[in-house]
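Starting from the known structure of chain A, arrange chain B on it as the hints suggest.
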Amino acid sequence: MAKIVVLGAGIAGHVAASHLRRKLSKKHDVVVVSPNGNYQWIPSNIWVGIGRMKPKDILFPLAPLYAKKHIDYKQAKAVSFHPEGDQEEAKPYVLSEYVVGDDKGKREKVTYDYLINATGPKLNFEATEGLSPGKNKTHSVCTYTHAQEAWIELEGLIKEMKQGKKIKILIGTGHAKSTCQGAAFEYILNVEQELRRHKVRDMAEITWISNEYNLGDFGMDGMLMSYGSNIMKSNEMVEMIFEDRGISWILGAGVNKVEDGVAYYETLDGDHKEESYDFAMLIPSFSGHGFKAYGKAGEDITDKLFRGFMIVDADYTPKPYEEWSVQDWPETYQNPSYSNIFAPGIAFAPPHSISKPRKSKNGTDITPAPPRTGMPSGITAKLVADNIIEMIKHSNNELHHKGSMGNMGAACIASAGFGMTKGSGISITTYPIVPDYKKYPDTHGRKLGKTFGSIGLAGHWLKLALHYAFIYKAKMKPFWWLIPE
Amino acid sequence: MTRRISKYKRFMMMNPIVQFFKFIYLSIKVLIVVAGGHGGTRNA
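Chains as they are written, first to last, in my numbering: chain A, 1 to 485; chain B, 1001 to 1044.
The shape of chain A in the complex, shown without the other chains (with noise of 0.2 Å):
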């Protein structure tokens, strides 16, 4: 009998764990921690963020669904590793404090034989002076109570705008290295849309700011893609969006302070800016959440699990840009020190950016950090289930699923506007996520034929389709598992 515990339920935690209880007798134990008592469908938060829906649309509780299903969870946060056990407890644990009900505050060691990792990022807003939804006129969309405070907000200058007023709105990312592009894209499409379908869009002025170099980098070093039977770089898809909608954009911005309707950045020339608005959303940089590790005797073993995120088998060896390739990227998400801990998803370390690193004249670091949301998520939470499945049928530690992110393939489908006659989505894949600049040199790292681009109505029906289909599976209703991640 094994006992895997998994800590977190987003889209890699909740994955992971359904797989895990789906392929596994009921003999061993499945464990979720988590401190967050509902399941999010988090791409949708967009529209919850203009109002096309509710915050119940996009959740569901965990305790009902992980009790029908066998799953054991504890509403609880983790606070430190001790993959070694300790002086009294000989198996490894994660001591997690609970958060609601009676035993709030209460601490226990949940020993496990098998760890994931799947707590995501800290949303770091901290690390952008000013920066906190809600406050100082900025809002977020990323968790649906955010999203729901930014309709709030919205909602009340769309009523203001139809009584004449102007405003200024400014959309993108609130930290020299956010990552997440792809959620601010969409946002800002979204509300340019619904301004639209108000009749209010000439009262106000739209803005993108963004650290991206380009337009359309997505943190992603930009694309080359299909586009109908053209081939077209992606900050010209962008651009061309941008412009058709009216939306300006200001590029390579490192936002460092916020104060009550302003935005302070740098620019990567070293020159300090600032823009005023009336409505930001902006997102906040991702970081790890701190967490402390401890080896048998209590010592401090921290850097053996983490580097802000968790090491995985990445190589971390630094090099300059032009010496990365595919292979510095993880193939199983596990830990070098502990073969038993595995982090997929945003939890685990990325060895470097993907997009080319950038520094201002000052000396600030302006890039994007890498995207692992979604799809990436969803993909590595399963392999390093299959995996886990395999130690345990198997009793061996050989890890035959493999899924670096240089081999790997993305769907973003980005909403630009809700609507069953009037919506529009922006359909892009790419092949592979992590540009493969030896095995795709004309193509800028990536295969032609799987990385794409489509703009139209379908788009915004495939992002419902998709919605729907998730949350189906997610709540591991008859064949969800046939729903590919």
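Check before you lean on any hint, since a few could be wrong.
[Said to hold, decoys possible] Below, in silico cross-link-like pairs of lysine-lysine (DSSO-like), each with a Cα-Cα straight-line distance of 27 Å or less: (1) K438(A) - K1029(B); (2) K137(A) - K165(A); (3) K447(A) - K1029(B); (4) K74(A) - K122(A); (5) K1029(B) - K422(A); (6) K1007(B) - K422(A); (7) K137(A) - K168(A); (8) K402(A) - K1029(B); (9) K439(A) - K1029(B); (10) K1007(B) - K233(A); (11) K1029(B) - K450(A); (12) K69(A) - K475(A); (13) K74(A) - K104(A).
[What the hints assert, rightly or not] Distance ranges between label pairs, derived from CB positions: (14) M1001(B) - N230(A): 22 to 30 Å; (15) M1001(B) - R22(A): 48 to 56 Å; (16) K1007(B) - N230(A): 14 to 22 Å; (17) K422(A) - F1021(B): 17 to 25 Å.
Everything labelled a hint here was simulated from the structure, so no lab data went into it.
Note that the coordinates shown come from a computational prediction; the quantities given were computed from them, not determined experimentally.
Glycine residues also receive a C-beta, built at the ideal position from the N, C-alpha and C atoms.
Just chain B now, kept in the frame of chain A:
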């Protein structure tokens, strides 16, 4: 605001009949990319 998408192109992008077939095509294509497999890179 600069018109970068022609009226014809916009019509094609928003026409439900055209887009229905595009939806089928996109669904299959996305499935091929996503379910088309993944693997390592170090022994490739």
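Q: Hint says 14 to 22 Å; check whether the CB-CB distance for K1007(B) and N230(A) agrees.
A: 19 Å, holds
**Q.** 27 Å Cα cutoff - pair K1029(B), K422(A)
**A.** 23 Å, holds
Q. CA of K69(A) to CA of K475(A), is that 27 Å or under?
A. OK: K69(A) and K475(A) at ~10 Å, within 27 Å.
Q) In this structure, is the beta-carbon distance linking M1001(B) and N230(A) contained in 22 to 30 Å? A) Once the Cβ atoms are compared, 23 Å apart, the range 22 to 30 Å for N230(A) and M1001(B) holds.
Q) Within a Cα-Cα threshold of 27 Å, do K438(A) and K1029(B) meet the stated pairing? A) 25 Å, holds
Q) Within 27 Å, alpha carbon to alpha carbon, are K402(A) and K1029(B)? A) 23 Å, holds
Q. Holds or violated: are the alpha carbons of K137(A) and K165(A) at most 27 Å from each other?
A. Holds, at about 16 Å.
Q | Restraint status (C-alpha distance of K137(A) to K168(A) at most 27 Å) | A | 11 Å, holds
Q: Determine whether the Cβ-Cβ distance between K422(A) and F1021(B) falls within the hinted range of 17 to 25 Å.
A: With Cβ atoms ~19 Å apart, the hint holds.
Q) Keeping to a limit of 27 Å between CA atoms, is the pair of K439(A) and K1029(B) held or broken? A) Distance of about 22 Å is within 27 Å: holds.
Q.
What's the verdict on K447(A) and K1029(B), does the C-alpha distance respect the 27 Å limit or exceed it?
A. With Cα atoms ~14 Å apart, K447(A) and K1029(B) stay inside 27 Å; holds.
**Q.** 27 Å limit on alpha-carbon distance, applied to hinted pair K1029(B) and K450(A)
**A.** 8 Å, holds
The structure shown violates none of the earlier numbered hints.
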